[in-house]
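Trainee: Listed below, chain by chain, are the residues.
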Amino acid sequence: MKAALVPAVVALGAAALPVAVHAQFGHPMKGQWSGEWGPKAKPNRLLLNLDWNGKDVTGVINPGPNAAVVKSVVFDYANPASWGVKMTAEGKDAAGKPVVITVDGKLENIGAYLKHFHGTWIQGSEKGEFAVTRN
Amino acid sequence: MKNSLRTALVSATAAVVFVTTVWVIQAEQPAAAQEGGAAAAPAQGRGRGRQAGPALPTPRLADGTVNLGRVPGEKGTWGVPYITNMAMRVVGPDGQLLPEIAQQQAAARAGGAGRAGAGGGGRGRGGSKSEPWMPWMPWSAAVYDYNSINESKYDPEGYCLPPGGPRMMATPYQMEILQLPEHKRVIMIFEGATHVWREIYMDGRKFPSDDELNPTYLGYSIGHYEGDALVVENKGFNENSWFDYFGHPHTDKMSVVERWTRPNKQTLHYEATVTDPGAYTKPFTMAWDIPFNATSELPEYICQENNQYLNRLEDDFGQPIFGPRKQPGAKPGTSRGTK
Amino acid sequence: MRTKVAVVGALMALAFGVTPIVAHHSFSAEFDAAKPFKMSGPVTKVEWMNPHTFFYIDVTDDKTGKVTNWAMEMGSPNGLMRQGWTRNTMKIGDVVTVEGSLAKDGSPTGNARAVMTSDGKRLFAASSQGTTP
Chain L
1 MKAALVPAVV
11 ALGAAALPVA
21 VHAQFGHPMK
31 GQWSGEWGPK
41 AKPNRLLLNL
51 DWNGKDVTGV
61 INPGPNAAVV
71 KSVVFDYANP
81 ASWGVKMTAE
91 GKDAAGKPVV
101 ITVDGKLENI
111 GAYLKHFHGT
121 WIQGSEKGEF
131 AVTRN
Chain A
136 MKNSLRTALV
146 SATAAVVFVT
156 TVWVIQAEQP
166 AAAQEGGAAA
176 APAQGRGRGR
186 QAGPALPTPR
196 LADGTVNLGR
206 VPGEKGTWGV
216 PYITNMAMRV
226 VGPDGQLLPE
236 IAQQQAAARA
246 GGAGRAGAGG
256 GGRGRGGSKS
266 EPWMPWMPWS
276 AAVYDYNSIN
286 ESKYDPEGYC
296 LPPGGPRMMA
306 TPYQMEILQL
316 PEHKRVIMIF
326 EGATHVWREI
336 YMDGRKFPSD
346 DELNPTYLGY
356 SIGHYEGDAL
366 VVENKGFNEN
376 SWFDYFGHPH
386 TDKMSVVERW
396 TRPNKQTLHY
406 EATVTDPGAY
416 TKPFTMAWDI
426 PFNATSELPE
436 YICQENNQYL
446 NRLEDDFGQP
456 IFGPRKQPGA
466 KPGTSRGTK
Chain F
475 MRTKVAVVGA
485 LMALAFGVTP
495 IVAHHSFSAE
505 FDAAKPFKMS
515 GPVTKVEWMN
525 PHTFFYIDVT
535 DDKTGKVTNW
545 AMEMGSPNGL
555 MRQGWTRNTM
565 KIGDVVTVEG
575 SLAKDGSPTG
585 NARAVMTSDG
595 KRLFAASSQG
605 TTP
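Protein chains in written order, with the working numbering: chain L, 1 to 135; chain A, 136 to 474; chain F, 475 to 607.
Keep in mind that the hints are not guaranteed to be accurate.
[As the list claims (entries may be wrong)] Computed spacing ranges between beta-carbons, pair by pair:
#1 104/L / 510/F: 27 to 37 Å
#2 198/A / 503/F: 49 to 59 Å
#3 435/A / 100/L: 51 to 61 Å
#4 508/F / 410/A: 51 to 61 Å
#5 90/L / 318/A: 47 to 57 Å
#6 366/A / 100/L: 49 to 59 Å
#7 441/A / 55/L: 37 to 47 Å
#8 264/A / 88/L: 29 to 39 Å
[Claimed, not checked] Restricting the straight-line Cα-Cα distance to at most 20 Å, the calculated cross-link-like pairs of lysine to any residue (SDA-like) are:
#9 540/F / 129/L
#10 92/L / 75/L
#11 565/F / 41/L
#12 540/F / 41/L
#13 288/A / 80/L
#14 388/A / 51/L
#15 106/L / 451/A
#16 565/F / 390/A
#17 461/A / 107/L
#18 565/F / 345/A
#19 461/A / 580/F
#20 288/A / 453/A
#21 578/F / 458/A
#22 40/L / 538/F
#23 461/A / 541/F
#24 461/A / 45/L
#25 578/F / 243/A
#26 565/F / 60/L
#27 55/L / 461/A
#28 319/A / 345/A
#29 264/A / 75/L
#30 106/L / 284/A
#31 42/L / 580/F
#32 578/F / 462/A
#33 264/A / 80/L
#34 461/A / 560/F
#35 565/F / 94/L
#36 55/L / 453/A
#37 540/F / 567/F
#38 42/L / 540/F
#39 264/A / 41/L
#40 370/A / 53/L
Simulated from the structure, these hints should not be mistaken for lab results. Glycine included, each C-beta is placed from N, C-alpha and C at the ideal position.
Based on the provided sequences and hints, a complete structural model is requested.
Mentor: What follows is the structure in structure tokens.
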């Protein structure tokens, strides 16, 4: 298989390599992020869909019927290689009642495509660790 | 008999050659400086493109439009200079380098080490604090500092991806400008930056709507002439390239207005006004000269051919940038293949 | 290797195929037409890029609950646009059902032939299936 891939790689550098050759170098929080939060035994799947409008990071956590809306994102740029990120969002719990989500984490690997965003995740009365990588 | 015939032939040939040579030399004599057009000195590139002699007048197309390319019958390409930090080319409303930049350059020449390492940069790069004239947003300054510290390690041009926007004119390879007035377009062809071309529509069209405008590396370009200047508006840049080699960020909200002029035959003057409300709080304008290489033609350059750098490139956690796709959520520092 | 199958009431199927004009690498070098799949999940990413547009879906294994992110290959943006797609046609979070052929190397990658939304919405007019091996 490798032999078959080599000419394709040489020709285009992208088609045969499953990983993205491209990158996205606008605002580092912009894009889709996948991962989990909560206890290892029973993690909650996470899909963040974030955008940058020139002033604020906006977006949605877990788009779909159980979506939570991002309310604020504040950055700490003291270390350019590892940004502090504090994010709040509003979602709904299983009963449909509003629930506040508070996220405190670090944004790393900023230059590469697979950026990391990880830290603590508080959703209503539950608390856990979270980790997402940029899709 | 043979000898004298041969001598006559040789003499005749020599005479023809002599006359032809003289005629050609005379044809190449610059016409007397007219309309004061030769005021600017020819652009001086570094290395290739060093221009000797007086400025030659700006050539024109048949209809009088400024000729930004070759004169028919001649060779020549533009020798794009290597400008690693385009923030050092920011000009004021008078078109001259900002005084702060001129001062910094003078200090660097006089003081040797200069501001290496100041303001969060690495290895001679000052980072965002050394460029206070740039209208930073906090995030764009932080990204620039990050790129300064790791010395442009993640520059996608290193992946053989094309640079978008003004960086096309700061990437040191030959390029040509082909004006096709009867087709109402201008084509620019580039040896470098992955052997690409730009098409500038000169037919008075409007930009496509946001939904139709697919963001691209080189943007969508619409141009028109204002006197002797080709003015080009550019929109619809994607976010897959770096604004310049030093890593000033940009977003897909960026628009660029370029002014191309040719003050004399040997010089292309390039000016670009950048408006990016996603990354910078105000527009800024940069300008530089590009010398003409009168005897060059464009060679081929296929960047993707043997880019071995890609095989060794790792991210901040030592993981290869190019390799099997990882499942989302992989913890930092781990390698999670897909098999 | 088990083929994951998740049946969601597929209503109006849309067919689109790998354009036979694909010049760079062949379908059969990467995918196995004898290994069809059908799976569904929410869209987590759309890469509207050359040489192939990719979109990604999270597929949950019914038995173990494990979530795997699958990469689905389509044609180039220029080719897709000629067939009525735009880069915004698929939204993040949309639950779609994808039919196609699995990658030969066992990675969670598929060549998509048909994409259906869970409410049967037709994303764009059907076109002929890619037939080229």
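Trainee: For the pair supplied as a hint, residue 461/A and residue 107/L, is the alpha-carbon distance within the 20 Å limit?
Mentor: holds (18 Å)
Trainee: Taking 20 Å as the top limit, are the C-alpha atoms of residue 264/A and residue 75/L close enough?
Mentor: holds (18 Å)
Trainee: Would you check the hint for residue 461/A and residue 580/F, treating anything up to 20 Å between C-alpha atoms as holding?
Mentor: holds (14 Å)
Trainee: For residue 40/L and residue 538/F, compute the direct alpha-carbon distance and say whether it is at most 20 Å.
Mentor: holds (15 Å)
Trainee: Check the hint pairing residue 565/F with residue 60/L against an upper bound of 20 Å on the C-alpha distance.
Mentor: holds (12 Å)
Trainee: Given the hint that residue 288/A pairs with residue 80/L, test it: the Cα-Cα distance must not exceed 20 Å.
Mentor: holds (14 Å)
Trainee: Keeping to a limit of 20 Å between CA atoms, is the pair of residue 370/A and residue 53/L held or broken?
Mentor: Roughly 17 Å between the alpha carbons, so the hint for residue 370/A and residue 53/L holds.
Trainee: Do the alpha carbons of residue 264/A and residue 80/L lie within 20 Å of each other, as the hint requires?
Mentor: The given pair, whose Cα atoms are some 13 Å apart, holds under the 20 Å limit.
Trainee: Quick check on a hinted range of 51 to 61 Å for residue 435/A and residue 100/L, using CB atoms only.
Mentor: For residue 100/L against residue 435/A, whose Cβ atoms are near 59 Å apart, the range 51 to 61 Å holds.
Trainee: Within a Cα-Cα threshold of 20 Å, do residue 540/F and residue 567/F meet the stated pairing?
Mentor: Since the Cα atoms of residue 540/F and residue 567/F sit roughly 18 Å apart, the hinted pair holds (cutoff 20 Å).
Trainee: Per the hint of 47 to 57 Å, is the separation of the Cβ atoms of residue 90/L and residue 318/A within bounds?
Mentor: Since the Cβ atoms of residue 90/L and residue 318/A sit about 55 Å apart, the hinted range of 47 to 57 Å holds.
Trainee: Would the pair residue 288/A and residue 453/A pass a check requiring their Cα atoms to be no farther apart than 20 Å?
Mentor: holds (13 Å)
The structure shown violates the earlier hints numbered 1, 10, 11, 16, 25, 27, 28, 31, 34, 35, 36 and 39.
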